[in-house]
Amino acid sequence: MTIFTINELRKTFTTGEVAEEILKGIDLTLQQGEITALVGASGSGKSTLLTIAAGLQPASDGKILFNGRNMTSMNQEQIRKIRASDFGFVFQSAHLVPFLTVEEQLFLMLEVSETTLNKVQQKKEIADILKLIGMEHRKSAYPASLSGGERQRVAIARAIIHKPQMLFADEPTASLDSKRSKDVMELIRDLTKTLNITTLMVTHDEEMLAYADHIITMKDGLAE
Amino acid sequence: MNIAWKEIKKSKVKFMILGSIVFLVSFLTFIISGLANGLSQDNAALIKDLPDGQFYMNEDAEETYNLSLIDPNTQKAALNEHDGAAALSIQMGFLNDEADKQRSVAFVTSTESELFENVQAGEIVLDRSLEEEGLKVGDILTNNQFSGEFTVKGFVDQQKYSHAPVAFINMENYKEMYRVNEMQLIFIPDGGETPVIDGLQSFTNSEFLNTIPSYSAEQLSLNMIVWFLVVISGLLFAIFFYMMNVQKIGLYGILKAIGVKTSALFKMMWTQMFFITAIALALSIALSQSFNFIAPDGMPFSLTAVTTVQLSIVFLLIGFVGATLSGIQIKKVEPLQAIQQGEV
Ligand SMILES: Nc1ncnc2c1ncn2[C@@H]1O[C@H](COP(=O)(O)OP(=O)(O)OP(=O)(O)O)[C@@H](O)[C@H]1O
Ligand SMILES: [Mg+2]
Numbered sequence: 001m002t003i004f005t006i007n008e009l010r011k012t013f014t015t016g017e018v019a020e021e022i023l024k025g026i027d028l029t030l031q032q033g034e035i036t037a038l039v040g041a042s043g044s045g046k047s048t049l050l051t052i053a054a055g056l057q058p059a060s061d062g063k064i065l066f067n068g069r070n071m072t073s074m075n076q077e078q079i080r081k082i083r084a085s086d087f088g089f090v091f092q093s094a095h096l097v098p099f100l101t102v103e104e105q106l107f108l109m110l111e112v113s114e115t116t117l118n119k120v121q122q123k124k125e126i127a128d129i130l131k132l133i134g135m136e137h138r139k140s141a142y143p144a145s146l147s148g149g150e151r152q153r154v155a156i157a158r159a160i161i162h163k164p165q166m167l168f169a170d171e172p173t174a175s176l177d178s179k180r181s182k183d184v185m186e187l188i189r190d191l192t193k194t195l196n197i198t199t200l201m202v203t204h205d206e207e208m209l210a211y212a213d214h215i216i217t218m219k220d221g222l223a224e
Numbered sequence: 225m226n227i228a229w230k231e232i233k234k235s236k237v238k239f240m241i242l243g244s245i246v247f248l249v250s251f252l253t254f255i256i257s258g259l260a261n262g263l264s265q266d267n268a269a270l271i272k273d274l275p276d277g278q279f280y281m282n283e284d285a286e287e288t289y290n291l292s293l294i295d296p297n298t299q300k301a302a303l304n305e306h307d308g309a310a311a312l313s314i315q316m317g318f319l320n321d322e323a324d325k326q327r328s329v330a331f332v333t334s335t336e337s338e339l340f341e342n343v344q345a346g347e348i349v350l351d352r353s354l355e356e357e358g359l360k361v362g363d364i365l366t367n368n369q370f371s372g373e374f375t376v377k378g379f380v381d382q383q384k385y386s387h388a389p390v391a392f393i394n395m396e397n398y399k400e401m402y403r404v405n406e407m408q409l410i411f412i413p414d415g416g417e418t419p420v421i422d423g424l425q426s427f428t429n430s431e432f433l434n435t436i437p438s439y440s441a442e443q444l445s446l447n448m449i450v451w452f453l454v455v456i457s458g459l460l461f462a463i464f465f466y467m468m469n470v471q472k473i474g475l476y477g478i479l480k481a482i483g484v485k486t487s488a489l490f491k492m493m494w495t496q497m498f499f500i501t502a503i504a505l506a507l508s509i510a511l512s513q514s515f516n517f518i519a520p521d522g523m524p525f526s527l528t529a530v531t532t533v534q535l536s537i538v539f540l541l542i543g544f545v546g547a548t549l550s551g552i553q554i555k556k557v558e559p560l561q562a563i564q565q566g567e568v
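Protein chains in written order, with my numbering: chain R, 1 to 224; chain S, 225 to 568.
Keep in mind that the hints were calculated from the coordinates and are not lab data. Take these hints with a grain of salt, some might be off.
[Unchecked claim] Stretch by stretch, here's where chain S covers chain R in the computed footprint (C-beta under 8 Å, at least three residues):
#: 1; segment: 50 to 62
#: 2; segment: 108 to 120
#: 3; segment: 200 to 208
[Unchecked claim] With a straight-line cut-off of 20 Å between C-alpha atoms, the simulated EDC-like cross-links for lysine to aspartate or glutamate are:
#: 4; chain 1: S; residue 1: 555; chain 2: R; residue 2: 77
#: 5; chain 1: R; residue 1: 81; chain 2: S; residue 2: 558
#: 6; chain 1: R; residue 1: 193; chain 2: R; residue 2: 125
#: 7; chain 1: S; residue 1: 230; chain 2: R; residue 2: 104
#: 8; chain 1: S; residue 1: 485; chain 2: R; residue 2: 86
#: 9; chain 1: S; residue 1: 491; chain 2: R; residue 2: 104
#: 10; chain 1: S; residue 1: 556; chain 2: R; residue 2: 77
#: 11; chain 1: S; residue 1: 234; chain 2: R; residue 2: 86
#: 12; chain 1: S; residue 1: 491; chain 2: R; residue 2: 114
[Said to hold, decoys possible] What follows is a set of in silico ranges between Cβ atoms, one per label pair, in the way DEER data are often shown:
#: 13; chain 1: R; residue 1: 179; chain 2: S; residue 2: 463; range: 44 to 50 Å
#: 14; chain 1: R; residue 1: 122; chain 2: S; residue 2: 451; range: 23 to 29 Å
#: 15; chain 1: S; residue 1: 456; chain 2: R; residue 2: 10; range: 50 to 56 Å
C-beta: ideal position from N, C-alpha, C; glycine also.
The following block holds chain R by itself, in its conformation from the complex:
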């Protein structure tokens, strides 16, 4: 089932007098529950495409359909709502909130997504996911005292705790060694399969492609 469609997507950055078209008409279709990997040379526009798809920056032209709704014609508040309840993000670095414990990061995400779960259910949900990422013993720790891999695992937990329909990941394993990278990729794959989450992921790492259902290569502002 198609859940996410990108149509003729264009993005032009203007720096001073110079306008440069980075995305030159991208077409992309994502099926529910599948992992799609974006690869391509540095500077080919992978992150730009991902952040536009995730509603973190506007497109210059084209259409993005999520569940049949056109995101490019939505206002800020509508997009914020989608980001809060239907999307999850993992980036190259974890971007955790420095003054919240691991557990509180997840509580905040549930609160922002306007969860219908009560406090007890939320607690259970959080306990489950912490076990899944192997962090239950660190639930009261602050981000500063976690290792890079641990932070990234918490970021992944935060990205899916509210059971989003879409997961956007930009080189989620870039700061990890190869053993940790595999763990994290397996985690993403298992979680997205059990929760039927659709994933769009940028990666540089050949090994990670084994986890993807589809691979899309970006070149000269186009997707192949």
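Please build the complex by placing chain S with the ligands on the supplied structure of chain R, with the hints as guidance.
Only chain S with the ligands this time, still in chain R's reference frame:
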């Protein structure tokens, strides 16, 4: 979950520094305004503590009560016509006690009135500060312009004029000492409209206070200091909140990216600002009120509850405006900014 509070708990030092700045400027403002008010009491409690009303002096006295001589017939008519009106005079002078020690006082005399002490000839009623200096009821005092003697009849609280204690004397004694028959001023308590009296110029209480040159100059400079402090603290608040917000741009970006509303971020900032300011103000109110008690006797310090509350509200408002102005950045933060900024 209250993220405002979580952040305060985690970054205690940062918020304590901000709180101590608010505390220091507000404390300083309270103290200076206490001194300003104390000095003004010391300078003119005699006038300030009167009910609202009108002062009258001769039109050709050039707004200087010392030069004013009110025609006895005008005075008689005015006192008859207006309930509670009184004619009075004020003169700076000296009293010598039994040990021949000289003290400067403000002699005040008035016609029969509830607003001023009325004393018999040869008697004198003094401000309480002279009792603290050792004078007692029954003491005999003299003045070199006065042929007789004054017997101290009693003391009254808070009657000061031109930084000197007031000495209430009988009108007959006054006329002898200063060789005049006319009074300088008429005071008519407020009866609604301002009565017009031919040949006399009227002043409200505060207008009259401002005709006293030492008073207006003194109050002007002190009030100037107080308002400068208020303005400076406003700027300090704004700058501090600004710097804090700049530091937190990455954080605001993350929160926005995961879908936190901008209004929630503002709420977070306001909560923190009110919390910090309230604690700092509570502390400086407590300290400035205890200063009220421990201030050395000679130091004119008077900080009323009304002034404290007014200034506190001004500080809260300034904090709010400062925080909100600096918070306009929050509105501008793009979620992407944080993500492209790298590690947080
Ligand atoms: N905000 C911006 N303003 C101007 N140019 C930008 C902006 N963001 C990205 N670009 C440009 O767009 C191009 C694509 O950038 P993007 O980050 O999407 O590449 P990428 O494929 O993710 O590369 P990498 O693999 O190195 O992460 C680059 O040339 C970059 O300089
Ligand atoms: Mg990139």
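We went through each hint and held it up to the structure:
1. 50 to 62: It holds: at least three residues are needed, and the segment 50 to 62 of chain R offers 3 whose Cβ sits within less than 8 Å of chain S.
2. 108 to 120: holds (count 5)
3. 200 to 208: violated (count 0)
4. 555(S) <-> 77(R): OK: residue 555(S) and residue 77(R) at ~13 Å, within 20 Å.
5. 81(R) <-> 558(S): Roughly 16 Å separates the two Cα atoms, so the pair holds.
6. 193(R) <-> 125(R): holds, 17 Å
7. 230(S) <-> 104(R): Since the Cα atoms of residue 230(S) and residue 104(R) sit roughly 10 Å apart, the hinted pair holds (cutoff 20 Å).
8. 485(S) <-> 86(R): Roughly 15 Å between the alpha carbons, so the hint for residue 485(S) and residue 86(R) holds.
9. 491(S) <-> 104(R): holds, 19 Å
10. 556(S) <-> 77(R): Cα-Cα ~14 Å, so holds.
11. 234(S) <-> 86(R): The hint is violated at about 30 Å.
12. 491(S) <-> 114(R): Holds. Residue 491(S) to residue 114(R) sits at ~17 Å (cutoff 20 Å).
13. 179(R) <-> 463(S): 44 to 50 Å: With a Cβ separation near 48 Å, residue 179(R) and residue 463(S) satisfy 44 to 50 Å, so the hint holds.
14. 122(R) <-> 451(S): 23 to 29 Å: violated, 51 Å
15. 456(S) <-> 10(R): 50 to 56 Å: holds, 52 Å
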